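**Student:** Fit chain B to the supplied structure of chain A, relying on the hints for placement.
Below are the chains, spelled out letter by letter.
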Amino acid sequence: MSDNRENNQGFWSRVFHLYYDGFRSMTVGKTLWLIIGIKLFIFFVIIKMIFFPNFLSSKCDTDQEKSEYVRHQLIDR
Amino acid sequence: MEELINVVDWSRAQFALTAIYHWLFVPLTLGLGIIVAVMETIYLKTKSEKWLATTKFWMTIFGVNFAIGVATGIILEFEFGTNWSNYSWFVGDIFGAPLAVEGILAFFMESTFIAVMFFGWKKVSPKFHLAATWLTAIGASLSALWILVANAWMQYPTGCEFNPATMRNEMTSFAAVALSPMAMSKFFHTVLSAWTLGGAFVCGVCGWMLLKKRNYDHCQRSLKIGAWVGVIGIVLTMITGDTSAITVAKYQPMKLAAMEGLYKGDHGQSIVAFGILNPGKQPFDDKDPYLFDISIPYGLSFLATHDYKAFVPGIEDIINGVSYDNEGNPVNTVSYAERMERGRQLQEMLSQYGSAMNNGSAVAQDSLKAAINADFKNFGYGYLDKPEEAVPNVALTFYTFHFMVTVGGYLLAFLLLALLFAYKPKIVDNAKWKKWWYILAIITVPLTYLCSASGWIVAEVGRQPWTIQDLMPNKVAISDLSAGYVQVTFWIFAVVFTALLIADIGIICKQISKKSQTDLDTVND
Chain A
1 MSDNRENNQG FWSRVFHLYY DGFRSMTVGK TLWLIIGIKL FIFFVIIKMI
51 FFPNFLSSKC DTDQEKSEYV RHQLIDR
Chain B
1001 MEELINVVDW SRAQFALTAI YHWLFVPLTL GLGIIVAVME TIYLKTKSEK
1051 WLATTKFWMT IFGVNFAIGV ATGIILEFEF GTNWSNYSWF VGDIFGAPLA
1101 VEGILAFFME STFIAVMFFG WKKVSPKFHL AATWLTAIGA SLSALWILVA
1151 NAWMQYPTGC EFNPATMRNE MTSFAAVALS PMAMSKFFHT VLSAWTLGGA
1201 FVCGVCGWML LKKRNYDHCQ RSLKIGAWVG VIGIVLTMIT GDTSAITVAK
1251 YQPMKLAAME GLYKGDHGQS IVAFGILNPG KQPFDDKDPY LFDISIPYGL
1301 SFLATHDYKA FVPGIEDIIN GVSYDNEGNP VNTVSYAERM ERGRQLQEML
1351 SQYGSAMNNG SAVAQDSLKA AINADFKNFG YGYLDKPEEA VPNVALTFYT
1401 FHFMVTVGGY LLAFLLLALL FAYKPKIVDN AKWKKWWYIL AIITVPLTYL
1451 CSASGWIVAE VGRQPWTIQD LMPNKVAISD LSAGYVQVTF WIFAVVFTAL
1501 LIADIGIICK QISKKSQTDL DTVND
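Respectively, the protein sequence lines represent chains A and B.
So the first sequence is numbered by our numbering: it starts at 1 and just counts up by one.
So the second sequence is numbered by our numbering: it starts at 1001 and just counts up by one.
Here chain A stands alone, though its shape is the one from the complex (with noise of 0.2 angstroms):
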């Protein structure tokens, strides 16, 4: 009955049940996508965010000042 239900949906469909489906029967995984989704948090937010600035872009506007800067680091080093 329920192969007939899913042979009569979208491919979608299909897809987002394969996906909810899934996330609600997971058992240790559901302790694993606490960790990713903290991981993630401390990474992208925290650690991106506060403590790794694209260094140039924050010393430089456009591509030739940064051609620029990084001329000069070459040179006077």
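Worth flagging that the hints you see were computed from the coordinates, not collected in a lab.
Quick caveat: nothing in here was measured; it's all calculated off a predicted structure.
Don't take every hint at face value.
[What the hints assert, rightly or not] Within a straight-line C-alpha distance of at most 20 angstroms, the following computed EDC-like cross-link-like pairs (lysine to aspartate or glutamate) qualify:
#1 B:LYS1122 with B:GLU1049
#2 A:LYS48 with B:GLU1079
#3 B:LYS1281 with B:GLU1338
#4 B:LYS1377 with B:GLU1338
#5 A:LYS30 with B:GLU1079
#6 A:LYS66 with B:ASP1093
**Tutor:** Relative to chain A, chain B alone:
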């Protein structure tokens, strides 16, 4: 200057820390991915519920490691943009193109098929599920390919031209970058070593279960696949290691000299099988490089060129630009002193190019660009204060290389025995030493990880002081940051990655322990 050295050291330490932590997760994903795919193939052929249960057990371990390790590599890209901004700009689209391909592959291929692999058992046909499992394993290896292509370009920059107007290297041939000998040998050596690690991991986990007298049949099934993949992995790793040695001898002779602690080369050069370096040895002093060594005659010449009579240059030969052909005639190479002089001339030309741009002199720009590119392979030497600065840390390169080779030899013996015992289990079952064999299998797991990390240390420390071989030393690649700033982020990463590693090991051990107490001959979900 002292501040600059501090920034370089802390940035290198930070990159090494994050890269090594990242590499703890990656090889198990690559190796276990193949093992799980083979197990599921057997299940589909035999329709045996036992093989399905075994496949699902290892798939869970694969999933935990994949989930905890995912995105740990992105940190390295953060570091490029912040700590290594001169390098990031200078490298241009050459580094970006392979990483973009990797991102697309990793995102679309792995994330799509891994979902089918874990959620699709009852949603898709068995054949489609098997295809998804194989595509997840292949996708992970293809991701590794593009990362290794990018790394190989830093070791052997090719397929590019420097544009002094933009101060970037521009790709002239994608094929030359993607299929360079360095990239190919690096890819196969690295990925196949991950198969070895996956095989050793399966043997180690089974060793623990058998020590606890749990799930004997499941362990025998797992051991057959683990040992086979491990044996194939280690044999091919050794073969590709031979190819890597030839590539390194050709493109990074200083690294090869450091790997062997070789200061003065010779025809028919011997290789050190076991040795203790003289810690006081410096280039051009009269001290013996080794306190003790056991060497194999002609070994290094054969390893480096497949010709046992060939000349292999040592550190002092390379600095002096001395090499010989097989007839003993000097080969015209360039000394480091001369390369430093040429590098300084190139920097001067780069400065003149800037003036020509400001003056709008197109003719001068064209001629300077041609002159810079004609001798660009010496560009980085202009930043060295003395030739000895281009010598890597010999002790670290030497010991990690010899550790890697020794453990590699041990792994071949161990995995061959594991394969024998997998098909003739009674040899172990009836032996008094079976407990020690299981303990050895468990100890082999961390040993294989150390071996794998040692390979990376040889590859990266051995090419110092270059961020890009011959073109850009670390002290130029680094951003104009304070050392204190980098120290703070170093310790943040140390804490975050240690926590992730503890979580990874903790959850994997908990899953193994929990599942091993159930009947792994039947499917429980």
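**Student:** Hint by hint, which ones does the structure fall short of?
**Tutor:** Violated hints: 3, 5; rest satisfied.
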